[in-house]
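Below, each chain spelled out in residue letters.
6 protein chains.
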Amino acid sequence: MNPPKKAFAGCLAAYGDSDAVLFGAPFETGGLPQAGTAVAPFAIRDGCWGLETYSPYLRADIGDYKIFDAGDLDLPPGDAARALDAIESFCGKVFDDGKMPVMVGGEQIVAFGAVRAAAARCPNLAVLHFGAHAGLKREWRKEPLAAQTVIRRIWELVGDGRIFQFGVRSGGQDEFSWAMDHVRIEAFDANSIDSCAEAIISRPIYITVDLDVINPSELPGAPLQEAGGMSFRSLHDALTSLRGFDVVGFDICGLAPNLDPSGASTALSRKLLREMLIAFSPTR
Amino acid sequence: MNPPKKAFAGCLAAYGDSDAVLFGAPFETGGLPQAGTAVAPFAIRDGCWGLETYSPYLRADIGDYKIFDAGDLDLPPGDAARALDAIESFCGKVFDDGKMPVMVGGEQIVAFGAVRAAAARCPNLAVLHFGAHAGLKREWRKEPLAAQTVIRRIWELVGDGRIFQFGVRSGGQDEFSWAMDHVRIEAFDANSIDSCAEAIISRPIYITVDLDVINPSELPGAPLQEAGGMSFRSLHDALTSLRGFDVVGFDICGLAPNLDPSGASTALSRKLLREMLIAFSPTR
Amino acid sequence: MNPPKKAFAGCLAAYGDSDAVLFGAPFETGGLPQAGTAVAPFAIRDGCWGLETYSPYLRADIGDYKIFDAGDLDLPPGDAARALDAIESFCGKVFDDGKMPVMVGGEQIVAFGAVRAAAARCPNLAVLHFGAHAGLKREWRKEPLAAQTVIRRIWELVGDGRIFQFGVRSGGQDEFSWAMDHVRIEAFDANSIDSCAEAIISRPIYITVDLDVINPSELPGAPLQEAGGMSFRSLHDALTSLRGFDVVGFDICGLAPNLDPSGASTALSRKLLREMLIAFSPTR
Amino acid sequence: MNPPKKAFAGCLAAYGDSDAVLFGAPFETGGLPQAGTAVAPFAIRDGCWGLETYSPYLRADIGDYKIFDAGDLDLPPGDAARALDAIESFCGKVFDDGKMPVMVGGEQIVAFGAVRAAAARCPNLAVLHFGAHAGLKREWRKEPLAAQTVIRRIWELVGDGRIFQFGVRSGGQDEFSWAMDHVRIEAFDANSIDSCAEAIISRPIYITVDLDVINPSELPGAPLQEAGGMSFRSLHDALTSLRGFDVVGFDICGLAPNLDPSGASTALSRKLLREMLIAFSPTR
Amino acid sequence: MNPPKKAFAGCLAAYGDSDAVLFGAPFETGGLPQAGTAVAPFAIRDGCWGLETYSPYLRADIGDYKIFDAGDLDLPPGDAARALDAIESFCGKVFDDGKMPVMVGGEQIVAFGAVRAAAARCPNLAVLHFGAHAGLKREWRKEPLAAQTVIRRIWELVGDGRIFQFGVRSGGQDEFSWAMDHVRIEAFDANSIDSCAEAIISRPIYITVDLDVINPSELPGAPLQEAGGMSFRSLHDALTSLRGFDVVGFDICGLAPNLDPSGASTALSRKLLREMLIAFSPTR
Amino acid sequence: MNPPKKAFAGCLAAYGDSDAVLFGAPFETGGLPQAGTAVAPFAIRDGCWGLETYSPYLRADIGDYKIFDAGDLDLPPGDAARALDAIESFCGKVFDDGKMPVMVGGEQIVAFGAVRAAAARCPNLAVLHFGAHAGLKREWRKEPLAAQTVIRRIWELVGDGRIFQFGVRSGGQDEFSWAMDHVRIEAFDANSIDSCAEAIISRPIYITVDLDVINPSELPGAPLQEAGGMSFRSLHDALTSLRGFDVVGFDICGLAPNLDPSGASTALSRKLLREMLIAFSPTR
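Residue numbers (the working numbering), protein chains in the order written: chain X, 1 to 284; chain D, 1 to 284; chain A, 1 to 284; chain L, 1 to 284; chain Y, 1 to 284; chain S, 1 to 284.
Hints were generated in silico from the structure; no laboratory data involved. Do not take every clue at face value.
Intra- or inter-copy, both count: the list cannot distinguish identical chains.
Stated by the list, open to error - Once the Cα atoms are required to be at most 35 Å apart in a straight line, the calculated DSBU-like pairs of lysine-lysine come out as:
no. : residue 1 : residue 2
1   : K66       : K142
2   : K142      : K6
3   : K93       : K6
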């Protein structure tokens, strides 16, 4: 008899043998109108037995890849600065061991920790952001670290012309003005992703997905729902069109499972994670 | 120190200085399979701090307009006739002060009060109705005033050829038959809105939106959900195509916040209200 | 093959043969902070197949009594005055046919219709009220007919010393002051019910139960929850202690099924209805 | 006075006079990540008074057809084999009386019972399956009868080239491989339905719809939600394009009403049932 | 780095070293008005990190005992007979290895499997049942195996005078009549538990708890809620008063997690499981 | 016409004229199994129009007191240290202006900020804590500031014998051991509150209430529900028994409104706040 195991669907490799390392970053700041993203990593893993490991979209099985599920980081609640240090440090080790980090948030601010680790190792790094909110505020309630500021923080790290945003449909006037000089932003959709190819083809890429880029109809479980988002299908198309590019790491953030007791939002998130793991996991 | 204020996002003008007057009409008859529209004005205002005041769709900020939030009318529950009188009277004063009334219902029957005020002042008035249900019944459970009869009541006021309905996908056989001779009705969608231009270009227009025109996938918080509705995007496109027309007043009705505890339906309604306020508020 | 039937558990008598007549009064005014009591009669009947017809409390089966389920009255939404007329008229006929009316509301204002029919026939009538709210306001938003005013309206009919209130734990200072001279009111509990016996033993009694007399822990499905209520058990004890008195009619009101999707509030209401039907149905 | 009746909207024919017989099959195995499909027949019938009997899509009224609502079968819980026998037997009688059986599940395994009855009488039978999951597993937890195996079981009955699947977007690698040699499967959508015409035009057709073929955005009330499904509109288009074909019976399965307390999923199911009844009921 | 583990709080012993073996029996028949008990074992384990391992009631820590968490049995959905065989077989092995089986259901019928294993090894066995429903029906919808029949089935195994039922507050007249001659039944409460001591002190005891014995106010997440149940505290007192008796095995059944999205029902169940594990686990 | 105002029921005094100052502290760390306490101040204020201002328990009206509602502090999300500084600073000003601060959390860690302000001004301060969890851990995930540590932090400030805890029914073995030498702790209930009188009669008192001290049956809207809590009535009795003592400030924390969409948890919290404001507001 064996005790029950708990790992994301098909992610059964040992660390040493793995090419990608999945981990949870159960952290949120509590600065959004609704809360609950910190429990997303648990929720995504907990019920994953209902998810097939095979993708009829990509015609591949997650079990064909070498992915290690490292469980969740033990992050200090109420202290974003230290939480990001822990994430950066973990991702740094994964990078240095030659593997790809895959993070399940948490509030999107956790992406800043992962990008710091990536940027330190990839001077050329481009960052692709999918999300409903611009995230370009200089600060939020006088605080530098928040979902509302995360892309601005990342810009301070990677600089002009290296950030590509898709599906953004909310932000202040100042954010959209500032964006014009510093980042490439497509409002509402991700139709322009092909036209970015030239700019990113020769770069290492980090992808951060705030799940609220998806229409609340398909993902009501988000703390600050913005009507008029992308469909799962169009997001899936956009993301999988990046297959073959040099994706060095990615995350999905912003699921608040309790806001959707039907479980549909969590089920979608699991499925997207499976698809991205298949699309971007390194092969030998 | 100042006590907390409560007004819809960016609607901070004083009455005297305002061009548009926002108010709530928290009234419902209880004649629908599910209830709760009477609390919509509270719900829409309560959590509005999560809404940006800037619209990336219209590239304008609600704070650029002079809008006064008058709070909610004190309407007599269980007495539709008197409630409509109060609404008519309030709207009448707003009209007479040279301002545009903007109403948040409540069940859509409240629109009849506002239209009575408008029609009394604009002999030419056209009425545009967005909603899932035809609203053309002669009476509902022997009662003349109900969501199921509101457009019929409005027709009695404005007459043939002056009502334009969009997105209607439910009604009795008798309603659709009657409609052919008296109103212009587009089932399911609002693709024909451009073709109405000629008919309405020279008229003052009142717009009444029952939020159930939107697909329940995006707005489950409606008392009588009808599958197959419009998307937020298509409704937004249709409405904002009317920018520049002579819109003299409008309302959004039919949100039942409690039916969607995720908050997504209420968030959509707030966003639509912001967009319509920006699109139609008078400027000087 | 027979088509599906729909009657409350065990209420299978024909009208002519019946001693009690159960009916629904699906009406609400929309003047409470939350809504949905109008659908209670449907909800209580719909899932009643999960309820045993036998009561281990009273050691009797509902099928031992002659109860006819008349379905629901067709009440005009948004017009409390006419709705009460319809209820009064229906109850009047039931009384005149020598049967006991049993009503399932709806908002508690519907009790006023039933009491009007009872008082017209029983000059001596005493009214027992179980509810969280005093219901003694003179008017509510300038409206005479509302849950907040229903006991005051009943007092205007039956006069001083004829109303006995239990479990009341909310009301304005004016209501409690006024009550001292006109009604007998026990706040919070129903411990004094035995001491009322003398006053009511020789009178016909009408019992109206607003289900919010029960603690929200046991009945969260109420539009205006008041902490600190009675338990199902203590309410059951109080009510069944009245067995043998001359109960001429009763109602249960105030369930808002949608506010408790677990179904527990509706299940409790069904069970209470069964118990009261067994306790008070006339026998020959 | 008449007691309340309970039949699906407009299905008021007597059995002897009917052309189609609607019945519920309240059965589920409990082998899915979430449960509750067994109560769907009750939920669909219970609140159907909010549904118009007229279809503006098909410009017909359900009352124009002769449909008998037989209520729900009394199926043995926890014993799939016997439950299927009961369904097969009931459908057999309906077929033998020259009527069309219309079943509301329950978990989709119930379709196997109906198909057994149909296949025994129509040697040529083609089966059209709409559903998110392939249902082609050989067994599920060593059990032959389950939602995960139902189409495989049906194939054992009707053989190669007789099953047409649409909207399938989940399954194991082995299922999709196996499918290539035995069934016709369109993943994700139902665009190919016209191209099936030739293959099915001369055959009697049974249609089984697992409602999870619809996007969880429109139907969150499904036990195993799969993102990326069809819209109500596209499913409706696909199904009604089959009008005029020789449809001998159909079912809709897989609704779990409690997972969507807003009621939108149940409302959609009711509406789809109305449309299919109008589209496929025999006329004389 | 270690992969994530998943075991109930503090149950970290290896099988060989364990005195008690915890396992899940995720099975339900679907024969109750609401469903979802099959997922209880997952839900109870999934979020158990919020539960302290220490009991301030019993002043002991679950980690002080040698408990192995065996995960969940793989039970055939839709086939109660085979599911019970699997449970009996598993429990038999645990007994034969000199350990105590502890089962988390599932619908209470699963208790029959465990009791069969216990009765085969303990000729003297007494069974204590806590539950809202008598469970004494001879059959349910012509099916022998169901929550409604489980205690009757157990009686057929152990005979008269060996079953002690507490908290029962629902059942048919026939069940309560039959009970008088065959079992000892305390309706509503468990006050008589001390007076049972003499009868059970010299017997091996199996305890089966249907969580619906608890008042729906504390545990709304039950498929068939019965008002007027016991409190957690009184159930806890009754159960822990059995400490020191020869308890050979026990189960908790009947939680439907999805019916209570607040998580309170599941949290209570976890806590009760901790308390029972501490109270009854063998020590050396 | 006046714009809508938003203040807690009856708290209409101006700051200068006030004796008590109510404010919200919308902060949480995200370190609990469920989240959402940060929005409690909004939720408590938003729907407060359904609450009577009169208390039939204390026979007084909240309007009889001079209470200013200062709205909510603007606290930095994700930075507990700075958030507590802001709370301390605000409370300090209120104290220095001779008024009583009344705080609505937020996660209970916010109490530490208020107590710091109180302790700096009242060397003798006693702290009364009502809550389900001991809160005596030295740190939580290596973080000093958390709900799990808040009473330990307060102890570091006020020292041995100055903290009185009631209703505690969860904690680690180490917490309960440590408590014996440093604080006075009553597990499960607050029966000993009278016996504390001697110890606190001559001291200034700060009261902090984590609403999870209440049984989840009455308050399911708490992030970490612990079965077996106090009733609203017993908590109310305990708290109001302190009337007349020198209460210098108090808070209520730990409500997570979204976990209880029925609104009952929020309604209870509002009512408790009213009672405490009446019981403890200074009078002249």
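Could you tell me which of the hints above the structure violates, numbers in ascending order? none
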